[in-house]
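S.K.: Residue-level listing of the chains:
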Amino acid sequence: MTAEVQERLVLDDVPPSLARVETPFRRFVSDFTDSRIATGAFICFLVIAAIAVFAPWLAPTDPYDLAQVSVLDSNLPPFSENFEGVTFWLGTDGAGRDLLSAIIYGLRISLGVGVSSGLIAMAIGCAVGLTAAYAGGRTDSVIMRIVDIQLSFPAILVALILLAILGKGVDKILIALVTVQWAYYARTVRASALVERSKEYVEAATCLALGHRRIVFRHILPNCLPPMIVVVTLQTAHAISLEATLSFLGVGLPTTEPSLGLLIANGFEYMLSHKYWISIFPGVALLVTIITINLVGDQLRDVLNPRLQK
Amino acid sequence: MQSSLVVLVMSLLVFIGVNIVGNPVDMLINPEADQEEIDRVISDLGLDRPVHEQYGYFVFNALKGDLGKSFIYGEPALKLIVQHIPATLELAVAALLMAIVFGIPLGVYAGLKPDSKTAKTIMATSILGFSLPTFWVGIMMIMVFAVQLGVLPSTGRGDTVDVLGVPMSFLTLDGLSHLFLPALNLSLFKISLVIRLSRAGTREIVHMDYIKFARAKGLRQGRIVMVHLMKNIMIPVVTVLGLEFGGLVAFSTVTETVFAWPGMGKLIIDSIHNLDRPVVVAYLMIVVLLFVTINLVVDVLYSVLDPRVRLQDQKS
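Taken in sequence, the protein lines are chains P and D. Take the position in the first sequence, starting the count at 1, then add 9; the result is the number in our numbering. Take the position in the second sequence, starting the count at 1, then add 1013; the result is the number in our numbering.
Same shape as in the complex, but just chain P (with noise of 0.2 Å):
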């Protein structure tokens, strides 16, 4: 047998006709299920995460065409009809725009910051920390030192910093995000890479000749998958809050893109003359994004965490 097709049979996916009526997939949907709150919360997010998405389609208005936004309309109460009938169910901002629009939209660039951030902090930080267990010695103590120093800043204060030296705008706050946020994924991969890199199977591949970048990628990563999972989704509501609060700040987005952050500093300065609206609702709809995203990782780690498995 050549050591192509040994390792097929191994390591690789169970031929189909052998597979498990309960596949790892369907077991991971009913225990996610078994909780309630974790559900609905989940659904909730889908709802979120559509609305941000089709966005154009299900705005009453679109709060970026000046033709559409009159001053007449500024500062109107929830539920309120203006000289055209057209009706503003959460009521407009200063500058006349309908509220519900402008949430739809700032969702979406809320969502989408917080999201990418994500995700490209989890490809670094996946990089650098399977490189620091695999590599191990010099390399691995080097790359976790630079972690730890990063880790004991308050990451409002590396994001702060380096918006003070990038200035506004959505690329540098990404970086902004991504910075902040890949030390935590470079430290969760490493402690989960670290345990898979002494099991048997990555000692089988590495006797079977294969390559290093095999290895890692195809061995190693998906087994330090699980402990992610839950990592991203935490780190993503994290992204989205702390993004919120730059924004507030006025160091964040510039107001051309007008994130629920920034909607809700713009209501701040009417909150004082009793116009309560401006700010709360995209407040609320920033709380319920952070909170939904957080019982499902919640969820999530209880799940995915083989020690708390029955």
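To be clear, the hints were calculated from the coordinates, so they are not data collected in a lab. A hint or two may mislead.
Unchecked claim - Under 8 Å between C-beta atoms, here's a sample of chain P residues computed to sit facing chain D:
id, residue
1, Leu160
2, Phe162
3, Ile170
4, Phe257
5, Leu258
6, Leu295
7, Asn303
Values in this document were obtained by computation on a predicted structure and should not be read as measured data. For glycine and all other residues, C-beta sits at the position ideal for the given N, C-alpha and C.
Please build the complex by placing chain D on the supplied structure of chain P, with the hints as guidance.
M.R.: Relative to the frame of chain P, chain D by itself:
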């Protein structure tokens, strides 16, 4: 060694970055000023020299404790920041005290009666404290207490009393009422943290033999909790809070902006908006220095307190 390297790299990054972004000349000089006036201001501020030379001056001056003059206020940046430190420290210390005063009793209660409704409510609230963005909670507090109920002021420090030449808010009633909301806002996250820590600690410790023994001896529940239990949960709580103090200073930027509290955090945000580079650079350097110091002290304390860490270091 490593700490000073961090400081050096930071200074370089911060300085070069801040200098490349934005053109302060446009921000600071009256657009109607003639060319001569503009030139004069540029050479006054040292903006006409190449960047590396500016950095050389910057490091040299920084070692003398001179981090440049603020473009906006015309005062030395370092002095400006030092003036704003007491307000931030006051806020951070108040938040720290609140975390202890609210966090420990709630956490101990939740640990003693883990199945009661109250305990579950406490834990659910602490999850909210972790996940809600600070600035949003601050806005809500202003809306409820300042706008709707009108019981507490929303901005500023109120009346201050000079203590050793430094204005402090906590000595006057008006100042205290101004301090309460921002401090609570800043400490919410830490309160949740302390609740979790002291709950976990309590649940571990109530099953220890010495607690059982104290019960068997017939001591009152109050004495067991206050003396035998409290002493032991304080250790992790104090350690973590010490570590988190730097985090409080960092997060005070958010709280100070929401409540218009005139501390370092508000100063830095305003300076970023105004492209007031010397102040931004000076703030970042001071905060990095602060963190490096905190980390160093914590590392040293660990090896003093925990023999395992000390022994490991000797081996390697």
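S.K.: It remains to establish, for every hint, whether it holds in the given structure.
M.R.: Now the hints, each set against the structure:
no. : hint   : in the structure
1   : Leu160 : 10 Å, violated
2   : Phe162 : 6 Å, holds
3   : Ile170 : 6 Å, holds
4   : Phe257 : 5 Å, holds
5   : Leu258 : 5 Å, holds
6   : Leu295 : 7 Å, holds
7   : Asn303 : 5 Å, holds
Of the numbered hints stated above, the single one contradicted by the structure is hint 1.
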